[in-house]
Amino acid sequence: MIATGISGEGAALMVKAKDVRGRSLWVDAWHRLLRNRAAVVSIVILGVIALMAVFAPFLSQYGYSDTDYGAISCAPSWWNDPGVCNAGGTHWFGTDNVGRDLFVRILYGARVSLSVGLAATLVSLMIGVAYGATAGYVGGRIDAVMMRFVDVLYSLPFIFFVIILMVAFHRNFYLLFVAIGAVEWLTMARIVRGQALSIKEREYIEAARAAGVGTWGIIRRHVIPNLLGPVIVYVTLTIPAVILAESFLSFLGLGIQEPLTSWGVLIADGKEQMESYPWMLIFPCAFMAVTLFCFNFIGDGLRDALDPKDR
Amino acid sequence: MAAPIFEIKDLDVHFATPDGDVHAVKSLNLTVGEAECLGVVGESGSGKSQLFLATMGLLATNGRATGSVRYRGEEMLGQPQRALNRLRGSKITMIFQDPLTSLTPHMTVGAQIMESLRVHQRLPRDEAEKRVLEVLDLVRIPEGRRRMHQYPHELSGGMRQRVMIAMGMVCGPDLLIADEPTTALDVTVQAEILDIMRDLKAELKTSIVLVSHDMGVIAGMADRVAVMRGGEIVEHGPVEDIYYSPRHDYTRMLLDAMPRLDRPDADGDAVAPLDPAAATILDVEDLHVGFPVTEGWSTKTLRAVDGVSFTLREGETLGIVGESGCGKSSLARAVLKLIPNTEGAVVWLGRDLGQVASAELRKLRKDFQIVFQDPLASLDPRMTVGESIAEPLRSLKPHLTRAEVTAQVRKMMDLVGLEPVWINRYPHEFSGGQNQRVGIARAMIVEPKLVICDEAVSALDASIQAQIVDLIRELQSEFNMSLIFISHDLSVVRRIAHRVMVLYLGRVVELADRDTIYADPRHPYTKALISAVPIPDPRLERAKRRVRPTGELPSPLDTRASLIFLKSKAVDDPDAEQYRPKLIEVAPGHLVAEHDAA
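Each protein sequence line maps, in turn, to chains Z and S. Mind the numbering: the first sequence is residues 1 to 311 in the numbering used here, read in order. Mind the numbering: the second sequence is residues 312 to 909 in the numbering used here, read in order.
Just so you know, these hints were derived from the structure itself, not from any lab. Please note: incorrect hints may appear among the correct ones.
List time: in silico DMTMM-like cross-link candidates among lysine to aspartate or glutamate, alpha-carbon distance up to 20 Å [unchecked claim]:
{"id": "1", "chain 1": "S", "residue 1": "K677", "chain 2": "Z", "residue 2": "D300"}
{"id": "2", "chain 1": "S", "residue 1": "K402", "chain 2": "S", "residue 2": "D330"}
{"id": "3", "chain 1": "S", "residue 1": "K677", "chain 2": "Z", "residue 2": "E206"}
{"id": "4", "chain 1": "S", "residue 1": "K855", "chain 2": "S", "residue 2": "D534"}
{"id": "5", "chain 1": "Z", "residue 1": "K309", "chain 2": "S", "residue 2": "E318"}
The following label-pair restraints were derived from C-beta to C-beta distances [unchecked claim]:
{"id": "6", "chain 1": "Z", "residue 1": "T215", "chain 2": "S", "residue 2": "G548", "range": "54 to 62 Å"}
{"id": "7", "chain 1": "S", "residue 1": "K880", "chain 2": "Z", "residue 2": "S155", "range": "57 to 65 Å"}
{"id": "8", "chain 1": "Z", "residue 1": "W30", "chain 2": "S", "residue 2": "K337", "range": "53 to 61 Å"}
Built from N, CA and C at the ideal position, the CB exists for glycine as well.
With the rest of the complex left out, here is chain Z (with noise of 0.2 Å):
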């Protein structure tokens, strides 16, 4: 009664009451993702912070380079108060040593620090991972090439490689993305062609072989999917990293110039003057360190909610 007739009585089918849609793993993934109390939180405080980056001129009456020496080093100040600084004003996180707002210049900061540290982390998630999972998944003689051309690379010196670029294509705020982008996919390659070396000998991929699906299918299909889990957990590490990597640039005069600033610049800068006023540490560095705790939340939130055995 079955065989051949399936395809024409697809549509009735379909009909029936009580239908259940098939879910892809993403969804079933986003679901799980928003059931989880400490990612949702992390996502809130990601996304405020993100909003005030972009808004940050309609928060504050300073502009981010408006120096004022009447106010050089105030202390934070939350109401009008003449005795703290002589020109009086409010500067809620204080101001630094050549008299400009922190609160703005953080904002500020944070659009330089949020956009490299996504953006570049993302760049070198796509290319490290597309790369990693073809060389593991082909394997053999493209394997042995596409390595050693990440070897060549790794043995390039990270300061000379971003000198190069900077010098061949002028200095530009999108270079800093390419170059810090350029650097950090190759760990990520390796770990990934790690992964899907251990993958491809799965019995599954095998199964889906055998059910005529191409390299490409299989790649995109199961192993990316099933090597995931390791590659969240290096993202998580990687958006700090390349958000310090932005701050030793800057520091070298490569990254961003005065007077623009990121958060990395702004924690070297208070670093040298913690001893008499804290603030200009402890407001950069709070920052960041809320920043870095939410992608963590949310990157264990996605390594579980991408596991489907974790339900």
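Take the given structure of chain Z and dock chain S to it, following the hints.
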């Protein structure tokens, strides 16, 4: 009956899991007498392993046992580690299912056996070594002195299990608890391990608790049998009562589910006869599959499949039987072109698959599919079962719309006995049997002309096994498919195959139709295989005369191995090109490889 040496009273085992409390063992009572073998039988999930882990204080950390477990009147439950260690490994020992994972990989076999001697009896080294040699002899490990210095990975599965038993026996225990000791082993090896355990009981008066899912194994060994289900003992009594007059429905069901080699075609097991006009669809000619193996500096070729030829007709089922390492899985994969064959041809409907380009081969895949041994491993853990079943459709029939695919998946799930509303579940939420149904649905959804079942039912409980075999048979008659049914279990093959081919070290040793091969086996290896299958009937099983196989499977890299049944023609050089035994047709359709007269 004398006072029991081991007494379990009102034992409860609970596990705290994220999904709530699991009551794995429910106020259970059992005793083991002196020099007695107690068989504990039950299907997976019946709590039989947890029961004995609990008595030994080896439960996982989320487990809790209450009640009483006494060894010669001494309470064991809730005792501190130190007190337990005095008994464990010395008076009461336990051996586990998987002999590889139960041995430490970086310690030599001798050192591991000696460990418990040195811990419990503080023997000086040379005396301990002597004792180790004695037990190695006891478990019939040849060349004990050399074996002592080998590492576990250098030994075969059967040898490792012997080492485990040797470890268990070295301190002269009163009680040996064997948890599925032969489940991971081949039938001929299983028969030898059971022989060894039988002798231990007879000679050393060791009491044995044999935990198994296999009614056949229990039949040959146990004096008393307890049947477990859902953490409780549903029936308990002397072995003959259990087998000849079972009182509980569950016991009866377990016995009925066992395929019986001695009783062909009981209750409608007959295989539907083949249409004599059926056309040949698959023709395998002189197939070779080799894998390069590096041994020190030289590279040798491991001949996994060494010149196998057969044909398959439409609607026919060919059973392929052989033990691990005989090349049956490589053969299946070479036929499906999942691995390249080194020589020979696979002709599918007149086309040599070796000549077909890979893109076209992928299109041809809708005609031949495979069902794998391990249902859980062969399903992508991150894909819902619905997606897994739909996968062949999506890649082989890309013109179907999403709705059509879903409709077919539902229909197929219904057909293999899965609720269509389960499409969003993940493999780990299913039992082994259910996952194997998913695997079968995935293979059958494209309505292939040939399905290869590679040990498709071997990992399942007997009752589930019977259901799955029936399902495969039903689907076969529904779709008129041809089947290649690979198994190490002769009794299962008998329920489904038209013809049976016996493989040994990559070569065919015997090929005949199903009744002939069981009624009139000619090759010594076939005879050994058939006699090694345990029969779930205590009297028959104990009276049965075993045809001894030739001991350990020789290394397949040694070319002499292939002539183990024809030693008269062997050249005594491990690398020499050896004589190839010919297949002789002793009766129409009954081929037997040349062999020395026994």
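Hints, verified against the model:
With a C-alpha separation of about 40 Å, the suggested pairing of K677 of chain S with D300 of chain Z is violated against the 20 Å cut-off. Straight-line distance between C-alpha atoms of K402 of chain S and D330 of chain S comes to about 37 Å, which puts the hinted pair past the 20 Å bound. Between K677 of chain S and E206 of chain Z the CA atoms are separated by roughly 15 Å; this keeps the pair inside 20 Å, and the hint holds. Distance check on the hinted pair: K855 of chain S and D534 of chain S sit about 17 Å apart at the alpha-carbon level, within 20 Å; holds.
Using a Cα cut-off of 20 Å, the hinted pair K309 of chain Z and E318 of chain S is violated, with the two alpha carbons roughly 38 Å apart. As the Cβ distance of T215 of chain Z to G548 of chain S is approximately 59 Å, the hint placing it in 54 to 62 Å holds. Between K880 of chain S and S155 of chain Z the CB atoms are about 59 Å apart, so this pair conforms to the stated range of 57 to 65 Å. Between W30 of chain Z and K337 of chain S the Cβ separation comes to about 40 Å, which falls outside the hinted range of 53 to 61 Å.
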